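Peer 1: Produce the complete structure using the sequences and hints provided.
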Amino acid sequence: MTDKYSERHRVTYYETDNQNRVTIPMLINMAIMVSQDQNNALALTDEFILSFGVTWVVIQYDLDIDHLPKTDEHITLQTQSTSYNKFFAFREFWILDEAGRQCAYIKSLWVAMNVEQRRLAPIPHEIVDPYQSKAVKMTPHLKRPKKIDTVTTSHQYRTRYSDIDTNIHVNNTRYLDWMIDLLPYEFLVSHFPAHINLKYDNEVRYGTMIESNYERTTVDDQIVTKHEIHNNGKIAAVANFTWQNDSEVD
1 MTDKYSERHR VTYYETDNQN RVTIPMLINM AIMVSQDQNN ALALTDEFIL
51 SFGVTWVVIQ YDLDIDHLPK TDEHITLQTQ STSYNKFFAF REFWILDEAG
101 RQCAYIKSLW VAMNVEQRRL APIPHEIVDP YQSKAVKMTP HLKRPKKIDT
151 VTTSHQYRTR YSDIDTNIHV NNTRYLDWMI DLLPYEFLVS HFPAHINLKY
201 DNEVRYGTMI ESNYERTTVD DQIVTKHEIH NNGKIAAVAN FTWQNDSEVD
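Yeah, the sequence shown ends on 250 if you go by my numbering, and it's all consecutive.
Treat the hints as calculated values from the structure; they're not laboratory data. Given the structure is predicted, the values throughout are model-derived calculations rather than measurements. Each residue gets a CB set at the ideal place from its N, CA and C atoms; glycine is no exception. One should not assume that every hint holds.
[Said to hold, decoys possible] Calculated pairs, DSBU-like style, for lysine-lysine (alpha carbon to alpha carbon, straight line, at most 35 Å):
no., residue 1, residue 2
1, K143, K4
2, K4, K107
3, K70, K137
4, K143, K70
5, K4, K70
6, K147, K137
[Claimed, not checked] Quick list of the computed label-pair ranges, beta carbon to beta carbon:
no., residue 1, residue 2, range
7, N85, M209, 35 to 43 Å
8, G233, D64, 17 to 25 Å
9, R101, Q19, 28 to 36 Å
10, L50, K70, 24 to 32 Å
11, K134, Y105, 15 to 23 Å
12, D149, N202, 33 to 41 Å
Peer 2: What follows is the structure, given as structure tokens:
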């Protein structure tokens with residue numbers, strides 16, 4: 001197995017919120033950036049991958065967040081493609097602060113999508129062999145987020161041109177925007193998610209309407225919010241957030 005791919009990154013003002021903390025969508029964008037840089041270093045360019053009629057698509061993230069980096073902080077982004085089988089690939093990410101402390105650890109599960117049929121395809125060995133990751137029968141299991149029992153708040157959004165990525169569907173970070181947008185301002189400025197489990201079920205295409213729903217609950221004295229994105233009568237994504245008060249973090 002190859003070593004972790006690593007690169008330095010300066011946190012910019014447009015990656016942070018009004019508390020100077022990196023936003024969750026930007027945290028995911030940083031992870032995607034370092035994985036793409038690793039791909040390019042291994043000559044796994046987008047053009048090369050598309051030559052096999054497929055593209056990589058993430059189907060689940062599981063994030064543990066210790067603290068969020070702040071504006072102008074120099075952080076280290078690390079990633080490693082750990083294991084794969086015929087249909088699934090498992091990739092890990094680490095985000096470290098200037099002192100080398102872990103800010104976040106991200107587990108992710110990926111599939112190859114046939115770009116014409118828009119469906120799951122076997123992973124071509126040519127696009128996974130360069131990682132030297134472990135071939136396994138079963139990739140690590142990521143627990144599925146729990147669905148909403150009773151909706152606390154709901155809102156509709158129209159997917160815009162700016163929401164669409166190069167796979168011609170809604171970028172995976174936009175789902176997080178739609179989910180977090182429902183939470184009260186006073187709550188967001190005083191809390192951060194210590195854990196996020198996000199599962200993508202169905203892609204969302206340009207111009208369609210989505211409905212974002214959330215439910216606030218308490219589990220073991222911790223605030224938990226459940227989120228669902230609905231599109232054309234189907235669940236497009238479901239997520240569970242476990243929140244922590246900022247005052248509890250050193």
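Peer 1: Evaluate each hint against the coordinates.
Peer 2: Results for each hint:
| no. | hint | verdict |
| --- | --- | --- |
| 1 | K143 - K4 | holds, 25 Å |
| 2 | K4 - K107 | holds, 14 Å |
| 3 | K70 - K137 | violated, 40 Å |
| 4 | K143 - K70 | holds, 30 Å |
| 5 | K4 - K70 | holds, 24 Å |
| 6 | K147 - K137 | holds, 28 Å |
| 7 | N85 - M209: 35 to 43 Å | holds, 36 Å |
| 8 | G233 - D64: 17 to 25 Å | violated, 33 Å |
| 9 | R101 - Q19: 28 to 36 Å | violated, 19 Å |
| 10 | L50 - K70: 24 to 32 Å | violated, 37 Å |
| 11 | K134 - Y105: 15 to 23 Å | holds, 19 Å |
| 12 | D149 - N202: 33 to 41 Å | violated, 21 Å |
Violated hints, listed in ascending order, are 3, 8, 9, 10, 12; each of the other numbered hints is respected by the structure.
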